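Participant: Chain residues, written in single-letter form:
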Amino acid sequence: MLSRSANLTKAECASLATSTTKALGLAPRVQVRTKRTKAKASGITPQTQRIITQLSVMSARKKQPRMLKLSQEDLVKHQTIQTAWHTYQDIQKHQRQEALKLQFQKTDAAMDLLQRAAPDVYRHANVDEQGKVFPMELRVPTDFPPRKVWYYDYKKE
Amino acid sequence: MSTPAKRVVSKGVPIRANLILSRIPIVVPEETKIEKQYRQYQNALERRLMWTFPAYHYFKKGTLSEHKFLSVQKKPITNNPNVWFPKGVPDIQHGRERSKAQEVILPKSETSDDSNITRPVEKNSIVTEADKAGDKSSLERQLRKTLYLLVNYKKGGWSFPKFDIDESRSLDLTAENGLRKIGGENINTWTVSKKPVGAIESKDGSLDFFIKSHILAGKFDIVKESKGDIGEYAWLTKTEIQEKLGDDYFSQTGYMLTE
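Chains as they are written, first to last, in our numbering: chain A, 1 to 157; chain B, 158 to 416.
It is worth saying that the hints were derived from the structure and are not from the lab. It is possible that part of the hints are untrue.
Said to hold, decoys possible - Derived DSBU-like pairs: lysine-lysine, alpha-carbon spacing no greater than 35 Å straight-line: (1) B:K401 to A:K106; (2) A:K148 to B:K232; (3) B:K401 to B:K381; (4) A:K77 to B:K289; (5) B:K360 to B:K312; (6) B:K384 to A:K148; (7) B:K338 to A:K93; (8) A:K63 to B:K351; (9) B:K293 to A:K156; (10) B:K225 to B:K265; (11) B:K257 to A:K69; (12) B:K381 to A:K101; (13) A:K148 to B:K193; (14) A:K156 to B:K231; (15) B:K319 to A:K35; (16) A:K148 to B:K257; (17) B:K231 to A:K62; (18) A:K132 to B:K351; (19) B:K231 to A:K93; (20) A:K62 to B:K265; (21) B:K319 to A:K101.
What the hints assert, rightly or not - Here are some chain A residues pointing at chain B (derived, C-beta under 10 Å): (22) V30; (23) V32; (24) R33; (25) T34; (26) S56; (27) P65; (28) W85; (29) A109; (30) A110; (31) A118; (32) P141; (33) F144.
Said to hold, decoys possible - Which stretches of chain B does chain A cover? Using the computed rule of at least three CB atoms under 8 Å from a CB of chain A, they are: (34) 225-239; (35) 281-287; (36) 302-311; (37) 361-372; (38) 394-408.
Note that the coordinates shown come from a computational prediction; the quantities given were computed from them, not determined experimentally. Glycine included, C-beta positions come from ideal geometry on N, C-alpha and C.
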């Protein structure tokens with residue numbers, strides 16, 4: 001039977017198949033291509049292959065760049081840049097702290113003056129405001145303005 | 158710090174609550190030269206030390222999208238044993254030269270519909286219409302700077318809005334309610350603190366206390382009843398305030414303001 005089938009043409013094969021299924025009382029076979037679930041020649045199933053790909057995304061293998069090797073001159077350059085940046089940061093920090101210190105002193109002096117001038121008002125002002133938070137409506141500055149820059153149509157509730 | 162000699166303040170002196178109402182910047186301040194250079198340097202370092210982009214994870218092998226992506230990538234120079242490479246032999250892994258920063262180019266779509274994420278980002282202009290027109294009563298001017306509300310009193314000239322206090326009320330309530338009386342109810346503000354940020358003792362004995370507040374939404378517009386006292390108002394930056402108020406007054410209030 002096998003040796004004979006090798007010599008048959010396609011059309012002959014098909015007619016033979018239908019006649020066989022009819023003779024055995026079976027429904028004709030329909031060829032449907034579905035998702036591949038069996039391993040290919042490599043021996044890895046598609047599921048395993050997917051996991052391998054996903055893991056390799058996270059792994060450092062083959063994806064890490066070469067280590068930076070700086071010459072003496074480049075190293076000095078890098079250190080100079082870093083020092084300049086930290087100096088700049090220090091100056092800014094110092095300025096900010098000085099401004100804050102001055103503001104604290106002025107608030108302190110104003111409260112002293114208020115205590116002497118209007119003790120009742122001072123009592124209203126001198127309350128603990130710990131836990132006060134910024135409102136949700138306060139917008140954080142961004143790199144570029146929004147389409148509607150200011151909300152003018154606010155109505156009092 | 159307190160005043161060196163504790164002078165007694167005479168009873169019945171006029172005390173006023175001034176409101177420093179500010180609109181905080183909408184756009185971040187401009188980068189200085191050193192900030193820009195340092196950011197670019199760090200960015201270049203970060204790109205150089207970045208891992209290779211795993212394109213095989215995002216584009217399935219043999220698909221059209223993979224082909225589109227790969228066709229626009231620049232190919233690195235491959236190693237050839239017969240060639241001398243003065244800057245080191247090419248070391249390529251996953252299509253990336255390991256000794257250099259990887260440049261990932263996103264393919265552009267042929268169609269011009271808006272669904273494509275790689276369309277160029279349109280940035281809104283930082284210089285607004287109000288800046289061009291020189292409209293100082295607009296809140297949409299000088300987006301990089303903090304703006305402060307100044308009003309022009311017909312009697313006293315330009316100053317921060319000020320209100321006579323009532324002994325039974327706190328300074329911040331006096332200031333906030335006073336603001337709504339002269340500028341209308343449709344304004345949303347947030348008072349920074351109940352405590353004054355500064356005080357000025359005038360020669361005539363009157364005291365001015367300053368309360369800080371931020372405007373969040375709404376519009377300050379002088380109501381009809383106040384038009385007799387107040388001529389106009391303006392939202393000004395610190396430098397503009399210095400020009401308007403004069404150095405003498407500014408020296409006593411300048412520390413409360415930021416750029």
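Participant: Minimum Cβ distance from V30 (chain A) to chain B below 10 Å?
Facilitator: violated (27 Å)
Participant: Quickly compare the C-alpha distance for K148 (chain A) and K193 (chain B) to 35 Å and report which way the hint goes.
Facilitator: Status holds; Cα separation ~28 Å.
Participant: Would the hint linking K338 (chain B) and K93 (chain A) be met if the CA-CA limit is 35 Å?
Facilitator: With Cα atoms ~40 Å apart, K338 (chain B) and K93 (chain A) exceed 35 Å; violated.
Participant: Take a quick look at whether K360 (chain B) and K312 (chain B) sit within 35 Å of each other, Cα to Cα.
Facilitator: holds (17 Å)
Participant: Given the proposed pairing of K148 (chain A) with K257 (chain B), does the C-alpha separation stay at or below 35 Å?
Facilitator: This hinted pair is violated, its Cα atoms lying about 42 Å apart.
Participant: For the hint on A109 (chain A), does the least C-beta distance to chain B fall short of 10 Å?
Facilitator: Holds: closest Cβ of chain B sits about 6 Å from A109 (chain A), inside 10 Å.
Participant: Are A118 (chain A) and chain B close enough, Cβ to Cβ, to be under 10 Å, as the hint says?
Facilitator: holds (6 Å)
Participant: Tell me if the straight-line CA distance from K257 (chain B) to K69 (chain A) falls inside 35 Å.
Facilitator: The hint holds at about 12 Å.
Participant: Between the alpha carbons of K225 (chain B) and K265 (chain B), is the straight-line distance 35 Å or under?
Facilitator: holds (9 Å)
Participant: Has the segment 225-239 of chain B got at least three residues whose CB is nearer than 8 Å to a CB belonging to chain A?
Facilitator: violated (count 0)
Participant: Given the hinted pair K319 (chain B) and K35 (chain A), is their alpha-carbon gap at most 35 Å?
Facilitator: With a Cα-Cα distance of about 77 Å, the restraint between K319 (chain B) and K35 (chain A) is violated, given a limit of 35 Å.
Participant: Using the nearest Cβ pair, does P141 (chain A) come within less than 10 Å of chain B?
Facilitator: Where the cut-off is 10 Å and the nearest Cβ of chain B is about 5 Å from P141 (chain A), the hint holds.
Going through the hint list in order, the structure does not satisfy hints 2, 4, 7, 8, 12, 14, 15, 16, 19, 22, 23, 24, 25, 34, 36, 38.
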